[in-house]
Amino acid sequence: MDLEEEKILVHRLKNGDDKAFSVLVRHYQNKIYTLVFRMLADAEEAEDLAQDIFITLYTSIDTFREESRLSTWLYRIAVNLCRNRIKYLSRRRKSRAPSLEERGDRGIPQDAFPGSPVLVSRLPRPDRLAEGHQMETIIQQALAALDPEQRELIVLRDIQGMSYSEMERIVGLPLGTIKSKLHRARMSLKDKVSKDL
Amino acid sequence: MDHGRVKELLSDYIDGDLGEKERQDVEEHLERCKECCEEFEQLKKTVNVLSGFQELKAPKDFESKINDRLKKRVRRRDRDTTPLSHKVPFETICLIMLVMLIAFYIMLYLLPQMTSDEGFKQDKVPEKKEERDKKEEEERHERRVYRYSK
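Those protein sequences? They're chains A and B, same order as listed. Just so we're aligned, residue 28 is where the first sequence starts under my numbering, counting upward by one. Just so we're aligned, residue 78 is where the second sequence starts under my numbering, counting upward by one.
Chain B on its own, in the form it takes in the complex (with noise of 0.2 angstroms):
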């Protein structure tokens, strides 16, 4: 078995998933070549020490903090799925209403009576004082005209 076989099979070596010829065949090999022994030894160390590692702690508010994000989350969601009417005030909703039947009623029936108002219209100009009486003046001399005529 040459170096680089060796080399690629120090890993199952080491988990122990080495058929029981090719486990013989690497430490035989291992027995006689130095290098890839100091090899195989860095490795095993190396694992060694990982498998060595100790379980961590999770902190110790860990499992409250998961519950306070579960819980804002349910009050997020309960927040964009609640009806209007939850959020906002019945005090407010109702003040909202009356205000707007208010506005309502101006736009629907106050407004057309002062649009109607003659002084309001814009084809229908108010006479001056002067052409008014100038024109009544000029009726009653027809109508006297007319009189004397008779």
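Chain A on its own, in the form it takes in the complex (with noise of 0.2 angstroms):
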């Protein structure tokens, strides 16, 4: 999507049309849903974030001064969106530890999102995966267990392939702290995940 048709969309949803609306809904689902699940590797709660997300760009739209690229604005908002639910699901997490049964329903089957990774609480047997797929399924494993921080430095750099001025304008910290925390985060990523690669 160019400039000038993301203009163009903006105006008509400011203006009240439900088509722009849903013509940006299917143009970013697929990037803000990956975003939000790799965030918290889980798929319910990414499905409900990312439709949260989503309701925040509608209800919103009037707000939004076009000084940036829609994009970012949306990836500004889905990015605190996901810290603020981190911080919910931890702090609940803390004061009610689910079962294991109960985290094991919470995935989904391998098969529903075609070449989506195997979330945390729910791994295959290794007998059944391609050793990419395994690996994947080792770093997706190594990054929930990041810092919420570092994890979201990593999937909008290494996973949604961002350039640092983007990042720069979605996380609001100065290209020199996001080149150094970026640099941690990887590290300590590839020490968690060394002796398996």
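By construction, these hints were calculated from the structure, which means they are not laboratory data.
Derived contacts from chain A toward chain B, CB cut-off under 8 angstroms, selection only:
id : residue
1  : R53
2  : I82
3  : L216
Partner residues aside, some chain B positions facing chain A, computed with beta carbon under 7 angstroms:
id : residue
4  : S88
5  : L120
6  : V126
7  : K142
Here the structure is a predicted model, which means the values were calculated and not measured. Even for Gly, the Cβ is constructed at its ideal location relative to N, Cα and C.
Could you fit the two chains together into a complex? Lean on the hints.
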């Protein structure tokens, strides 16, 4: 979607055109769902939060001043809502530790989303995994164990493939800080997976 | 270039963000140092796997669920802002108004009439029949005495 097309859709949405909203949802839904799933490592929570992000886009579009790309604004909403949800989930897990069965129920079948990683809470037997997929599983598992801020930087840079300038606008940190934090995040992820790779 | 400095630059080296001089220094160090080279290979492999992660597909009913949730929000907002007459049937409102009118009429007209009746007043206790008869007898007696005295 080019800048001009995006601007037209934003204006249509601001004027109450629901079809413009549908176009934007269809364009960004996979990207946003992927980001949220990689951050939360829980399919059910990821779907719910991804919906929240688009509902926020719809209800807050009037506050979008068009000083940045819509995608940047949308990712900023996504990152902020992810941070809040992670805090909420960690508080909830502290007060109520779910049983293994319960955690398993929240996972998704591997064939539900082609190409999706296996959830941390529900790992299939290693003999059923191809080597490439097994590495992905190991790294996804280690990623979920990282500090949320480190996970956020890795997801944005290495999985979503964002540029550093986009990341600056989304996470609100200076370039040098992002680079040094990302380096530490990558190193700590590497340390977690090095014996398995 | 020492090990610590090289390790600090590994991420930038992988991203291709180093200047020409620093890149050459890192490459020379990696050729000589087995430990740093192993670390670099592991880091590169990790980053490569991450960048190979496929984009996931949102569930099929994702958009329709968003629309359902938005409709519910709109309905809830409308319910909170609609006037009372839209939420409660007109007949019910009329009935309530009628009951209130009757209650108002009773309070305003009927109740004062009932309370003004002597039987309901606390400070005017009706005299007992015997006392009344005795009084009347005394009055008759006084009238008789008065007549005879004339």
